[in-house]
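Visitor: Listed below, chain by chain, are the residues.
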Amino acid sequence: MAVELGHFALVLALALSIVQATVPLVGARVKSYQLMRVGETVAIAGFLLILVSFTTLVHGYIVSDFSILNVWENSHSAKPMLFKITGTWGNHEGSMLLWVMILAFFAAMVAVFGRNLPPSLRANVIAVQGMVAVAFLLFILFTSNPFTRIIPAPIEGKDLNPLLQDIGLAIHPPLLYLGYVGFSISFSFAVAALIEGRIDAAWARWVRPWTLLAWAFLTGGIAMGSYWAYYELGWGGFWFWDPVENASFLPWLAGTALLHSAIVMEKRSALKIWTVLLAILTFSLSLMGTFLVRSGVLTSVHAFATDPARGVFILIILLLFIGGSLALFGLRASSLTSGGLFHPISREGALVLNNLILSTCTATVLIGTLYPLLIEALTGEKISVGAPFFNLTFIPLVVPLLLAVPFGPLLAWKRGDLLGAAQRLQFAFGAVLVVMIGTYFFSDKTSTAAALGLGLGFWLIFGALTDIAFKAGVGKNSLSVVFSRLKGLPLSVFGTAFAHAGIGLTVIGLVSVTTLQIERIVLMKPNDVVEAGGYTLKFSGVTPFKGPNFTEDQARFDLTGPDGRRLGEIAAAKRLYPARGMPTTEAGIRTFGLSQLYVSIGEATPNGLVVHAWWKPRVTLIWIGALVMMFGGGLSLCDRRLRVGAPTRRKTAVEAEA
Amino acid sequence: MTFWIITAVLTASASLAVMYPFLRRNDSTAEGEYDLAVYKDQLAELDRDVKRGLISTEDAAEARAEIGRRIIRMNAAASAEGGKSGAAPVVRIVAAFGILAVPVISWGLYSYLGSPGVPAMPLAERLQNDPAGSSIAELIGRAETHLASNPEDLKGWETLGPVYMRLGRYQDAARAYRQIIALGGANANTYSVLGEALVGMADGVVTAEAVASFEKTLSMDPKEPRAQFFVGLARAQEGKMDEARALWTNMLADLPENSPWREVAGQALAQRGEGTASEPANAEGQASDDQQQMIEEMVARLDARLKESPDDPEGWQRLVRSYIVLERKEDARAALERGIKALGEGSPSANDLSTFAQELGITLPEEKE
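Those protein sequences? They're chains Y and C, same order as listed.
So in the numbering used here, spot 70 of the first sequence is number 70, and the numbers just go up one at a time.
Here the numbering used here = 1-based position in the second sequence + 658.
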């Protein structure tokens, strides 16, 4: 019964979404507050119903109810409990249900926290959110229903793709979806503004925190996915410019641009039209990512089952929403008034530069991702646009942006002083020179790229510190004054500094690994020795091991440090999951400070075992940087200013009584 | 019943969510006040920025003027719009639509998509159920789960083996009997049934592996009828009709009166045009034709089936082997080619197929570039 209740709850949620997509819209048109309010209660109820539905499915996985087709296809009674639960979204149907649940969650958040929004804007936002929900609920119910039953029920499931049986599945998709779907709110706000034909002041206040939230989650989701691929695939790589990765990176780039243009809009009511367009584009890119990944156009671990009906359905959704919103934009954009004025050299101007470069980056990655697909569709020829293309196009675009980042926060609003900002940055610049010279002479004289790249990373970090120091008045005031000024700074200033420094950390990690990593591929027999980065690995042999639902051959290595100290063992393994007959590689990774030693094994040959060992200096900074960016986003989000919004009701009530 | 009560309650609550705003007092704040609060907040923030030196005093004055202009524009727009509220009939119609849509859409769609009668079936519960009420599939599943964790349970395999045979799950049956042999519980019968399972897997072709298994039986029990019969069939499929007939005739002579194998052997002889082995010479050609025809029909069926559902690696192996048995090398090669294409070139199962064919002496001509 429980399973069918979950199914019914999902259908009921669709019915409510249809109401949510229509009634408040009419309400906003005829100015009926009651009709507008319908959207709020319905959005909350709809979310609760989808939550019930999702919980039911999770329960089905926990108790291995193989009468549910989806559970049978993706679970196994011998699977560890954590992977039974995460397996719920480790497949197409379940992950779409998670997607739509997060969508409903955001609509409910607007309903709960949106009291300070003008009623008609709130109603329209919730209605647009409802339309997206209707489309995806129809998609789920008619092409990817997770509650399809099989009678008689098989007694054992087909197990989950072994690559997905990992803690990463518990974190990566939910974070990524919170990011992807979070941008739906900015999109709904943009479309709502276009429907009304005007942009309220509150609009600008609202778009930024939502974008910030989505952006922080997406940052975490992408970083987590990258780390997962790094340790699970056993290739030692962390980013492959693979179309599936690009599908998540595109909304991130556009979202980052949106985040910055929203600042200008919030502060100066300028760049409205551009911000609306960016909001539409960002979510459109999220939808396109979903289409590319889910339709089977791209084959990867993310594609799960491919079914042409699904592809066509998502394509229709895509055309409807992207086409519809852009058409509305074309129709209404001219009626939106432009806002405050500013000089080219100013904080606003810097943010515009950021937007220009980021949009160009987005376009570049988009072309690199879609071009091969287009060629294949038109001529049937398979070409691959890989890292070389992106390295050649993306890096030259992004380096000037990163160089300019420290200047932005130091420029005044409306009219800035570039020379003054440069003077303030002189200490940062000096420190960077020291780092570069130090890298060049002490670390590795052959690598100019390493010196320049590390310099860029430190430039971002020192730049962020300079910003804080300047705003606290370091050098001009006594220590106690500086301290009290630091306490008085709005949290968003620290948010900016952390986010920018986070990019710096990531850049340092990326540059260190790509220019200074040491890679060894050797054939090893027991007692053979290989050295990487000063650490010595002595192969002690292969031992078999049996896990709950897999067997593996573990290759064990004795590890000795540069000082000759013994550091225990590293084990790398080849694993076999018999339920799917699928082998996987388990890399052996040991972390030393920020750096990692990474060992992965290949085929066993008569001459020994193929062993691949890397010394990856400061590799963890890549992901630590992303976490720092997320933290910065969180700080900004906590800023009082962003929460103030426009709560008027209590104030007017007091006035009325007086 | 409980299910319908709960769904009814859920539907009612959902409809209530639509109705809720109409049950509450209608309090409204004018649109303009929301914007005004934001503008006031912007002015306050501007003051803070000036204090912190983030904007110059002149620029701040300019920005203040910009915000002031926005407030004036907003007031003008608000007074132009006036305080009209929603037209009552439209509101009522839309509200009624909303409230009605919920039960109509949900119940209508669920009756189309759902399976309301099907209970949840958690695995643990199913395995604890009284076996008497379970389906055969469930019983087998139960035994399989048990054997997966206790593969040394000889008794279990001995029970499951014949069940697989009866259900025609020859591959599983072969696995079960091999396990019995591995556990040391084999007798003459075990090898004989394993042989039959292998024949079943090959769609009736008595493969070399099957013959080996039957011969093992005969080495233990030379009079075992099943093995005798299939060894005979193997000879017949190789075209050695004399030998086949001799074997079957011997077998008939040895069999007790009430043995079911009497009929089988008798039919086999009759089908090949002869009741006895006394006139081998003139029957040779015809018997061979009949047998040939039977095999060819079977192969044609397999071929047709693979055209419909090509994703069947074992089926393709069987088809290739069948054509080789029939000495139709060209067809075997064509089947191999089709099989590889159907399974996806370079896929593991396609590679298996070509290795398999290679062992039988069939290879594809090198790809022409």
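There may be inaccurate statements among the hints.
Here are the simulated DSS-like cross-link-like pairs (lysine-lysine), alpha carbons at most 25 Å apart as the crow flies [stated by the list, open to error]:
#1 Lys999/C / Lys382/Y
#2 Lys709/C / Lys698/C
#3 Lys487/Y / Lys709/C
#4 Lys525/Y / Lys546/Y
#5 Lys538/Y / Lys525/Y
#6 Lys987/C / Lys999/C
#7 Lys813/C / Lys898/C
#8 Lys987/C / Lys965/C
#9 Lys874/C / Lys476/Y
Derived by calculation from the structure, the hints in this document are not laboratory data.
Visitor: Give a verdict on every hint.
Guide: Hint-by-hint comparison with the structure:
1. Lys999/C / Lys382/Y: Since the Cα atoms of Lys999/C and Lys382/Y sit roughly 19 Å apart, the hinted pair holds (cutoff 25 Å).
2. Lys709/C / Lys698/C: Distance of about 17 Å is within 25 Å: holds.
3. Lys487/Y / Lys709/C: Roughly 15 Å between the alpha carbons, so the hint for Lys487/Y and Lys709/C holds.
4. Lys525/Y / Lys546/Y: With Cα atoms ~23 Å apart, Lys525/Y and Lys546/Y stay inside 25 Å; holds.
5. Lys538/Y / Lys525/Y: Status holds; Cα separation ~10 Å.
6. Lys987/C / Lys999/C: holds (18 Å)
7. Lys813/C / Lys898/C: Violated: Lys813/C and Lys898/C sit about 40 Å apart, past 25 Å.
8. Lys987/C / Lys965/C: holds (19 Å)
9. Lys874/C / Lys476/Y: violated (100 Å)
Checked against the numbered hints given earlier, the structure breaks hints 7 and 9 and satisfies all the rest.
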